[in-house]
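Asker: Given chain E's structure and the hints, the job is docking chains Y, C and S onto it.
The chain contents come next:
Protein chains: 4
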Amino acid sequence: MPLSMNREVFITCAVTGSGATQDRSPHVPRSPEQIAESAIAAAQAGAAVVHCHVRDPQTGAPSRDPALFRKVTELIRASSTDVVLNLTAGMGGDIVFGPTERPLPVNEAATDMAGASERVRHVAECLPEICTLDCGTMNFAEADYVMTNTPGMLRAMGAMMTELGVKPEIEAFDTGHLWFAKQLVEERVLKSPALVQLCMGVPWGAPDDLNTFMAMVNNVPSDWTWSAFSLGRNQMPFVAASVLAGGNVRVGLEDNLMLGRGQLATNAQLVERAKLIIESLGAKVIGPEAVRERLGLTKRMPA
Amino acid sequence: MPLSMNREVFITCAVTGSGATQDRSPHVPRSPEQIAESAIAAAQAGAAVVHCHVRDPQTGAPSRDPALFRKVTELIRASSTDVVLNLTAGMGGDIVFGPTERPLPVNEAATDMAGASERVRHVAECLPEICTLDCGTMNFAEADYVMTNTPGMLRAMGAMMTELGVKPEIEAFDTGHLWFAKQLVEERVLKSPALVQLCMGVPWGAPDDLNTFMAMVNNVPSDWTWSAFSLGRNQMPFVAASVLAGGNVRVGLEDNLMLGRGQLATNAQLVERAKLIIESLGAKVIGPEAVRERLGLTKRMPA
Amino acid sequence: MPLSMNREVFITCAVTGSGATQDRSPHVPRSPEQIAESAIAAAQAGAAVVHCHVRDPQTGAPSRDPALFRKVTELIRASSTDVVLNLTAGMGGDIVFGPTERPLPVNEAATDMAGASERVRHVAECLPEICTLDCGTMNFAEADYVMTNTPGMLRAMGAMMTELGVKPEIEAFDTGHLWFAKQLVEERVLKSPALVQLCMGVPWGAPDDLNTFMAMVNNVPSDWTWSAFSLGRNQMPFVAASVLAGGNVRVGLEDNLMLGRGQLATNAQLVERAKLIIESLGAKVIGPEAVRERLGLTKRMPA
Amino acid sequence: MPLSMNREVFITCAVTGSGATQDRSPHVPRSPEQIAESAIAAAQAGAAVVHCHVRDPQTGAPSRDPALFRKVTELIRASSTDVVLNLTAGMGGDIVFGPTERPLPVNEAATDMAGASERVRHVAECLPEICTLDCGTMNFAEADYVMTNTPGMLRAMGAMMTELGVKPEIEAFDTGHLWFAKQLVEERVLKSPALVQLCMGVPWGAPDDLNTFMAMVNNVPSDWTWSAFSLGRNQMPFVAASVLAGGNVRVGLEDNLMLGRGQLATNAQLVERAKLIIESLGAKVIGPEAVRERLGLTKRMPA
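Protein chains in written order, with the working numbering: chain E, 1 to 303; chain Y, 1 to 303; chain C, 1 to 303; chain S, 1 to 303.
So that you can see chain E by itself, here it is in the shape it has in the complex (with noise of 0.2 Å):
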């Protein structure tokens, strides 16, 4: 009945994202070097897990190549600093429809829906610690564009990551997100105690206002392990909300480019933000060895 704050937090830093956002900010990484090097460089600034994306050398745009996320996962193995690896399962789940008055056949150039072991294919090659798992289907932002994860996608998708050892990451954009999140867990798709992301204030998902937010937390069970992150200029804010509720921190450039009113900023940058106001709050932030420990995560080794 007092605030129950988490007072150990660990910090996810999502590197880079699979938004079109690399030409907003020099500091998007591309290739798999500036992207590993950018996950080692805010896990120094104390980032415990580093959730990484891959996008194309050149252009930048969002890619799902196994080579590169292999490429991604050997350079961060290799580094002396030590951090958990989550890598995205969230693409390939892609429509864009044809206009309103004739949305099928869907937008072939926009759209990007792949089989589920397809879309698991890079975890089963670079078996990261974590993978995520985006929970439901909904309009995504401002883009005409669908997140589309079914049900029978998502059982197929989770029970792969089960047999292969890694711990999902179940992302919930919105409260029904949450309630199937369960239910894989009921169904033993996903393994108990489960590891869940609150994605708030994605348009069009959970408003991020404390209300909904609270909403979402009081339906996590209280044995799961949780972090939350809001978008833009509520990234930071939201680090304290989640902090508050008992959760843990996610920052990053895939989710906020600004450190302030014109400032773009790093993903260290951010990471050493979100670590200052969690230490004002009070907390601690843990490492890699205790998420590890807290989560029952193995660390693989560079092959």
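If you are wondering where the hints come from, they were derived from the structure by calculation, not from laboratory data. Mixed in with the good hints there might be a few duds.
No copy is singled out in the list; a pair is fine if it fits within one copy or between any two copies.
[What the hints assert, rightly or not] Taking lysine to any residue and the SDA-like style, the derived pairs with C-alpha atoms no more than 25 Å apart in a straight line are:
{"#": "1", "residue 1": "Lys-275", "residue 2": "Ala-41"}
{"#": "2", "residue 1": "Lys-275", "residue 2": "Leu-257"}
{"#": "3", "residue 1": "Lys-299", "residue 2": "Pro-66"}
{"#": "4", "residue 1": "Lys-284", "residue 2": "Leu-259"}
Answerer: Coordinates of chains Y, C and S only, in the frame set by chain E:
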């Protein structure tokens, strides 16, 4: 700060829906005549609004044939029982994908995706006082089917409804749908104040626990009119929940087939039960004329 | 995460209270005989528990004379109608101060402050299955009267009740009272799991809006048994609110005199109305034996 | 519906309080000179408002001697550092009862109950821009002491403050206190919009969990200005919580003595820490002139 319950409540009866319920209860109406009859009986029992889908008169399968909607409309308007007519515009946004190893192309037999004009055609022809606008995209219920309404589609359909002078009842199945509804009002696609239905407990949208429900209620603009419902055995509990939280109620065979354990219900019986609950709480059930006044609706006369 | 409503609900009837209501309704029982009779009628109507105060048989003024409590107890125990007996221990903690320019000494005529043993005497003599423990101090209702129960007093009274084997029903009139109740359990003054009544809408304790109510409900330990009520015309709405939120219900003339506008109620009628609401929501009303089993109570036999 | 955090925040420093803290830290100021000096240092560190109690300069015991308040007021006004002056009017409402077997007469040595005029005398003499009004009665903290402010007393004191043109800062220690504050505004005892401090985590008032906090925040009228705080190691977390929820912040030695484990703090250090948190969240700290403008305060000049 005291309980701000709604003391003048209107009941919407969702008469038949488009779920595969027609073989689970003999009371689910199929033909236009049965639907109109069941709607009128619901109105006589106390429903101020009837929300109608149509079905194939032979098989009971859900349909969006404008001729069937016209027939239902004519029959209800010709009745001596007054009621506000609310037609669904939810159909034509259903996708079922291919197998999880090859989701595209979609399963054509099970998919029904139509253009905006086609989805609103029966509304333009029938000019009901209200039609629904399902305000988002999500995995819908147990079937591996995606309710698909992109922002672009919603802007197109919403603009058509506004142009026709038919009041949209926004259906919000999760917190993000309500957020987008506010966006549509801000963009003036929909008029303010709007009318919204909080659809709780539909897998995999917002669960119907009270914390989530209150987070949604707290986010409805104070000048909007709203209603809420849940499914199955939580239908009657949500009659109470919605009234207590300041809203109106929806019951009917679309959402629940049972009056009690082992007792199949009629629409009129469900409305009677809702009326009993509302009046037992000390509130008053209002009729179609009071609803029209509150929402600024104009009744269309029989052609 | 689905609605966790209580599907097996017990009703407590608060038969007469100690408010100045005796002249506002002929149905407020005064003498022990009237109180017992009204309690038994309430039990026959469906109340599993009767919560009794006593009054001066002549004037109807509130009293804490043990002889009157003994008489009520005997009459109820002698009845062929079974019911769980719950006696107030709330009296003897009332202060009215002097004028605002000179608050001390207290207004002796209006003040009734007794020692712990004296406040629990009738409980020791009657050994009801349950007695109440008002878990804090606050300005009480419109009168300039302070309900005074200090931590020291509550520890003393609570220990006596535990020693007597009488189950305390903690009355929490605001969020801080519930907090202190948990403290009493932590200190083992009260046994775990405890029984708590959330007393909503009593000026100037917790208001009965649903946000405040849910904040209290969310703070009740999951293994405790709880009930809730509000006053006046919000009595019946709170029957529904409490059941929906997972609790049990309390109605009766202590909290509300009216069945509807202009209709004075009897206790039995209020219980019937509560039963109607509970059953209309699809829940079951349970009886005294089921309550004893759930709370581990032992019925004392007539002396 | 997006996070409605406060992006222009003022800090109140509660400089010394009236708790028995003076022997637990050498930084708790005692004499008027020390209090003024600490207040001015806090203002220089970023506090727009200083909330002052006075103490016996020798013993450090809490006092309400108007001469001490005058001295503090003069020293602060004479400083070249601008700050809004907020004097407590909380004292003179303390009761400690006799033993639990004989609570009355009160323990006179430990009790301090004064009349309304006497409690407001130093306010009338000093005419600070703000003075506090503790809006209820409750068991206060671990000591068996009752903070006693009856409705009648609050109406009397509130009317005097309004008459003097001093802005009351309503202190709400639980949900019922906030309810009564709204009643005082409705009765026009206090002017609208009011100023309220949500005092969280003070035993045995509202606990400082976020659900309870949000229930209180949701009940603050939208046009009021509000602030919030919690105690001890939750002081800094509540700086973030209040800003995130749309409020202003209070820190200072009245509520917390420590900067970190084993590090005794000064007021200026606590304000600096709060400022760091606020700015790290992306909000701006505003100064005394901006506060006066927002609250319609007029600064009194040195006599």
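Asker: Could you run down the list of hints and mark each one as holding or not?
Answerer: So, going through the hints one by one against the coordinates:
1. When the C-alpha separation of Lys-275 and Ala-41 is checked against a cutoff of 25 Å, the pair qualifies only within one copy, where the shortest distance is 14 Å, while the shortest distance between copies is 27 Å.
2. Taking CA atoms no more than 25 Å apart as the test, Lys-275 paired with Leu-257 passes in both settings, with 17 Å inside one copy and 23 Å between copies.
3. When the C-alpha separation of Lys-299 and Pro-66 is checked against a cutoff of 25 Å, the pair qualifies only within one copy, where the shortest distance is 20 Å, while the shortest distance between copies is 61 Å.
4. Taking the closest pair of Cα atoms, Lys-284 and Leu-259 come within 25 Å of each other both inside a single copy (22 Å) and across two copies (14 Å).
The structure is consistent with each of the numbered hints, conforming to all of them.
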